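Engineer: Taken in order, these protein sequences are the chains called A and B.
All letters in the first sequence, in the order written, are residues 1 to 335 by the working numbering.
All letters in the second sequence, in the order written, are residues 1001 to 1296 by the working numbering.
Rather than coming from a laboratory, the hints here were simulated on the basis of the structure.
Any given hint could be a false lead.
[Stated by the list, open to error] Here are the simulated DSSO-like pairs of lysine-lysine, each with C-alpha atoms no more than 30 Å apart in a straight line:
{"#": "1", "chain 1": "B", "residue 1": "Lys-1022", "chain 2": "A", "residue 2": "Lys-27"}
{"#": "2", "chain 1": "A", "residue 1": "Lys-120", "chain 2": "A", "residue 2": "Lys-67"}
{"#": "3", "chain 1": "A", "residue 1": "Lys-250", "chain 2": "A", "residue 2": "Lys-67"}
{"#": "4", "chain 1": "A", "residue 1": "Lys-221", "chain 2": "B", "residue 2": "Lys-1093"}
{"#": "5", "chain 1": "A", "residue 1": "Lys-209", "chain 2": "B", "residue 2": "Lys-1029"}
{"#": "6", "chain 1": "B", "residue 1": "Lys-1022", "chain 2": "A", "residue 2": "Lys-282"}
{"#": "7", "chain 1": "B", "residue 1": "Lys-1170", "chain 2": "A", "residue 2": "Lys-67"}
{"#": "8", "chain 1": "A", "residue 1": "Lys-256", "chain 2": "A", "residue 2": "Lys-120"}
{"#": "9", "chain 1": "B", "residue 1": "Lys-1202", "chain 2": "A", "residue 2": "Lys-281"}
{"#": "10", "chain 1": "B", "residue 1": "Lys-1022", "chain 2": "A", "residue 2": "Lys-221"}
{"#": "11", "chain 1": "B", "residue 1": "Lys-1185", "chain 2": "B", "residue 2": "Lys-1260"}
{"#": "12", "chain 1": "B", "residue 1": "Lys-1073", "chain 2": "A", "residue 2": "Lys-221"}
{"#": "13", "chain 1": "A", "residue 1": "Lys-120", "chain 2": "A", "residue 2": "Lys-172"}
{"#": "14", "chain 1": "A", "residue 1": "Lys-282", "chain 2": "B", "residue 2": "Lys-1170"}
{"#": "15", "chain 1": "B", "residue 1": "Lys-1185", "chain 2": "A", "residue 2": "Lys-27"}
{"#": "16", "chain 1": "A", "residue 1": "Lys-110", "chain 2": "A", "residue 2": "Lys-27"}
{"#": "17", "chain 1": "B", "residue 1": "Lys-1202", "chain 2": "B", "residue 2": "Lys-1155"}
{"#": "18", "chain 1": "A", "residue 1": "Lys-64", "chain 2": "A", "residue 2": "Lys-247"}
{"#": "19", "chain 1": "B", "residue 1": "Lys-1256", "chain 2": "B", "residue 2": "Lys-1288"}
{"#": "20", "chain 1": "B", "residue 1": "Lys-1073", "chain 2": "A", "residue 2": "Lys-281"}
{"#": "21", "chain 1": "A", "residue 1": "Lys-281", "chain 2": "B", "residue 2": "Lys-1185"}
{"#": "22", "chain 1": "B", "residue 1": "Lys-1170", "chain 2": "B", "residue 2": "Lys-1073"}
{"#": "23", "chain 1": "B", "residue 1": "Lys-1256", "chain 2": "A", "residue 2": "Lys-221"}
{"#": "24", "chain 1": "B", "residue 1": "Lys-1029", "chain 2": "A", "residue 2": "Lys-196"}
{"#": "25", "chain 1": "B", "residue 1": "Lys-1022", "chain 2": "A", "residue 2": "Lys-120"}
{"#": "26", "chain 1": "B", "residue 1": "Lys-1260", "chain 2": "B", "residue 2": "Lys-1155"}
{"#": "27", "chain 1": "A", "residue 1": "Lys-247", "chain 2": "B", "residue 2": "Lys-1202"}
{"#": "28", "chain 1": "B", "residue 1": "Lys-1018", "chain 2": "B", "residue 2": "Lys-1132"}
{"#": "29", "chain 1": "A", "residue 1": "Lys-221", "chain 2": "A", "residue 2": "Lys-282"}
{"#": "30", "chain 1": "A", "residue 1": "Lys-281", "chain 2": "B", "residue 2": "Lys-1155"}
{"#": "31", "chain 1": "A", "residue 1": "Lys-281", "chain 2": "B", "residue 2": "Lys-1175"}
{"#": "32", "chain 1": "A", "residue 1": "Lys-221", "chain 2": "B", "residue 2": "Lys-1029"}
{"#": "33", "chain 1": "B", "residue 1": "Lys-1018", "chain 2": "A", "residue 2": "Lys-282"}
{"#": "34", "chain 1": "B", "residue 1": "Lys-1093", "chain 2": "A", "residue 2": "Lys-282"}
{"#": "35", "chain 1": "A", "residue 1": "Lys-64", "chain 2": "B", "residue 2": "Lys-1185"}
{"#": "36", "chain 1": "A", "residue 1": "Lys-209", "chain 2": "A", "residue 2": "Lys-281"}
{"#": "37", "chain 1": "A", "residue 1": "Lys-221", "chain 2": "B", "residue 2": "Lys-1202"}
{"#": "38", "chain 1": "A", "residue 1": "Lys-110", "chain 2": "A", "residue 2": "Lys-64"}
{"#": "39", "chain 1": "B", "residue 1": "Lys-1007", "chain 2": "A", "residue 2": "Lys-118"}
{"#": "40", "chain 1": "B", "residue 1": "Lys-1022", "chain 2": "B", "residue 2": "Lys-1007"}
Given the structure is predicted, the values throughout are model-derived calculations rather than measurements.
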Amino acid sequence: MKGILRTKIPQALDALSSGAQVLAPMKINGVSRFACWGQQGELVLGASNTLIPPKDAVFGQTEKMYKYQMGQEAVTIEEIPQDGPQLVVFGIRPCDVRSIQALDQVFLTKGFVDQIYKTKRDRSVLVALGCSQPQQTCFCSSMGINPLDADGADVMMWESGDTYSLEARTDKGKDLLAKLEPFLTDVNNSSPPSPKFSLEFSMEGVTEKLQKMFEHSIWDKWYRKCLGCGICTYVCPTCHCFDIQEKNIKDGQGYKFRCWDSCMFPEYSLMAGGHNPRDSKKPRIRNRFLHKLRYFPERYGMLLCTGCGRCLRECPVNMDITRFIREVREVTLDV
Amino acid sequence: MSDTVNKMRELARDLLAKGEVKYVIGWEKGTLWFQSPPVFITSPDEVDRLVFDDFAINTLVTYLLEERGHEGKVAVFVKGCDSRGLVRLLQDKSVDRDRVYVIGLPCSGKKDPNQAMEMNAGDASQIPLAAKCQECTHPNPVISDVTIGDPVPEKPNQGRFGNVNELEAKTPDEKYEFWAQEYSKCLRCFACRNVCPACNCKECLFDSTRPRVLGKANTLSENQVYHLTRAFHVAGRCVECGECERVCPVGIPIMKINKKVIKDINDLFGPYEAGVDLETAPPLGQYKSEDPEEFM
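Hey, can you work out the whole structure from these sequences and the hints?
Structural biologist: See below:
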């Protein structure tokens, strides 16, 4: 098997950067995220998953959509080119690869193709890193994810001692490894040990049960301590709601942009006439949990939670989806 | 189980059993050993969930805002910092004193949950105090109906503005560079606002859609509008509880600008600490003939 020495990785990323935009897990000014290689920051490949999820590689927090010019009689629209060089996402974890698969469902299937997303996604190559040391907040195995092998990766990578072994999974992946050839050596790494999780539970029957729990009293207990901030939705690798707004510059010129939105905010569900169908924390919390565990599985056949543990780690009041799931499993429903 | 926690549970049980309060807001053990999140206890059977350990760091008083427009009394536990937040809410007439049963808890400081996560020591004694607790000037509640436990010795008020001196030593360009770097990290999750006892407006101007005061794009200039407006809005009202900085997921040093504003207010209007008593009005919320007026 081919592999790369840990010490050669910066050089390899430098080389890839000449013909591609390379995104790698970096800690910059205290925040870990998938950032453009070449910026000042520390590569944090072996550490926990990044605070900011890699979804912004294909679905940016703020993305310009098109420019407009309002004339006397008509409006002129000018497209904003979304093309660019290849996008190498290096060191993405299997949980985060799954999240991109969930975004693919939203932005590319059921007869809707989002061109902005598609352009970025088509340009992307995912180099996934098998995860053998989960954090205390990790629970991907309970969400049906193999932490050592990412379905959907173009290249799979595993750490062993001072090397990373590499295996191409797609043609895009093979091309990428070909470019890395000068840095590769033959390695004989044994397969990494199966990681142990401190958080483990069964998801069996949870979606079906939640279909009968819209009016259940569990929500009355769960919403109260929520602060109503947007941390969980913004650090979530699968949350994908966005708002579309415009920026007027001058003389009828401006542009439309879209930006991440959060279902935890009151404005999210505010309607033009002033009515707000989710006017308090309870329906908002219910919507977020049901979207992850019921609505998304109903529509796309997969969970909208990957067990990455970011919300569990970052929520200031410990609104813990794993505890919620366990409580749902313990609920006895009247037949 | 510590004596304090036993007394907390007894009192909560008593208040709920007699129907004196609708619910009690306290802390319970969370998912991980370094998490002690807020809990709402509504029945005497549930009081054994209450804890008061090294990680009971959250302020609980901002939840009292949700009682606006309702009736009945609620009980809330307050540490020294939290009690100053409560004074803030009472002075701003956002909470009705008659509707809160305040249970004071002297506090010698809470441990930093983020450090606990990183060190994974499994033992709180190895975890340092949270940043906000290291600068604590009021470990004992300044307002309460009843206090559980003995008062904690007050620490000398040193270094209240230590961080500010460092900031003031920068040139204007360096200051701009510093804050631009920090504010560019902002996710605009609004956790700092939502947890703040000084942020108690019924509708926040940043939530206004007509007119839209704050553009929704995550850009440096919009983030600056948010952070600077917020800092000025809590000027003279910030009780220095440090909750904003604690909850910030990207580590923006929000207290640094709050303290700079507080220091300026102290320099202009004389020594002042917000939320330490109900009688003293905030310097920017009153007029005195001796107020400085160099600009007139």
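Engineer: Could you run down the list of hints and mark each one as holding or not?
Structural biologist: Hint check results:
no.: 1; hint: B:Lys-1022 - A:Lys-27; verdict: violated, 46 Å
no.: 2; hint: A:Lys-120 - A:Lys-67; verdict: holds, 19 Å
no.: 3; hint: A:Lys-250 - A:Lys-67; verdict: holds, 12 Å
no.: 4; hint: A:Lys-221 - B:Lys-1093; verdict: holds, 28 Å
no.: 5; hint: A:Lys-209 - B:Lys-1029; verdict: holds, 27 Å
no.: 6; hint: B:Lys-1022 - A:Lys-282; verdict: holds, 19 Å
no.: 7; hint: B:Lys-1170 - A:Lys-67; verdict: violated, 40 Å
no.: 8; hint: A:Lys-256 - A:Lys-120; verdict: holds, 18 Å
no.: 9; hint: B:Lys-1202 - A:Lys-281; verdict: holds, 15 Å
no.: 10; hint: B:Lys-1022 - A:Lys-221; verdict: holds, 14 Å
no.: 11; hint: B:Lys-1185 - B:Lys-1260; verdict: holds, 21 Å
no.: 12; hint: B:Lys-1073 - A:Lys-221; verdict: holds, 19 Å
no.: 13; hint: A:Lys-120 - A:Lys-172; verdict: holds, 15 Å
no.: 14; hint: A:Lys-282 - B:Lys-1170; verdict: violated, 46 Å
no.: 15; hint: B:Lys-1185 - A:Lys-27; verdict: holds, 12 Å
no.: 16; hint: A:Lys-110 - A:Lys-27; verdict: violated, 37 Å
no.: 17; hint: B:Lys-1202 - B:Lys-1155; verdict: violated, 36 Å
no.: 18; hint: A:Lys-64 - A:Lys-247; verdict: holds, 10 Å
no.: 19; hint: B:Lys-1256 - B:Lys-1288; verdict: holds, 28 Å
no.: 20; hint: B:Lys-1073 - A:Lys-281; verdict: holds, 21 Å
no.: 21; hint: A:Lys-281 - B:Lys-1185; verdict: holds, 27 Å
no.: 22; hint: B:Lys-1170 - B:Lys-1073; verdict: violated, 49 Å
no.: 23; hint: B:Lys-1256 - A:Lys-221; verdict: violated, 36 Å
no.: 24; hint: B:Lys-1029 - A:Lys-196; verdict: holds, 23 Å
no.: 25; hint: B:Lys-1022 - A:Lys-120; verdict: violated, 53 Å
no.: 26; hint: B:Lys-1260 - B:Lys-1155; verdict: holds, 21 Å
no.: 27; hint: A:Lys-247 - B:Lys-1202; verdict: holds, 28 Å
no.: 28; hint: B:Lys-1018 - B:Lys-1132; verdict: violated, 37 Å
no.: 29; hint: A:Lys-221 - A:Lys-282; verdict: holds, 9 Å
no.: 30; hint: A:Lys-281 - B:Lys-1155; verdict: violated, 39 Å
no.: 31; hint: A:Lys-281 - B:Lys-1175; verdict: violated, 38 Å
no.: 32; hint: A:Lys-221 - B:Lys-1029; verdict: holds, 16 Å
no.: 33; hint: B:Lys-1018 - A:Lys-282; verdict: holds, 28 Å
no.: 34; hint: B:Lys-1093 - A:Lys-282; verdict: holds, 26 Å
no.: 35; hint: A:Lys-64 - B:Lys-1185; verdict: holds, 19 Å
no.: 36; hint: A:Lys-209 - A:Lys-281; verdict: holds, 22 Å
no.: 37; hint: A:Lys-221 - B:Lys-1202; verdict: holds, 24 Å
no.: 38; hint: A:Lys-110 - A:Lys-64; verdict: holds, 24 Å
no.: 39; hint: B:Lys-1007 - A:Lys-118; verdict: violated, 60 Å
no.: 40; hint: B:Lys-1022 - B:Lys-1007; verdict: holds, 19 Å
Hint compliance for this structure: hints 1, 7, 14, 16, 17, 22, 23, 25, 28, 30, 31 and 39 are not met, and every other hint is.
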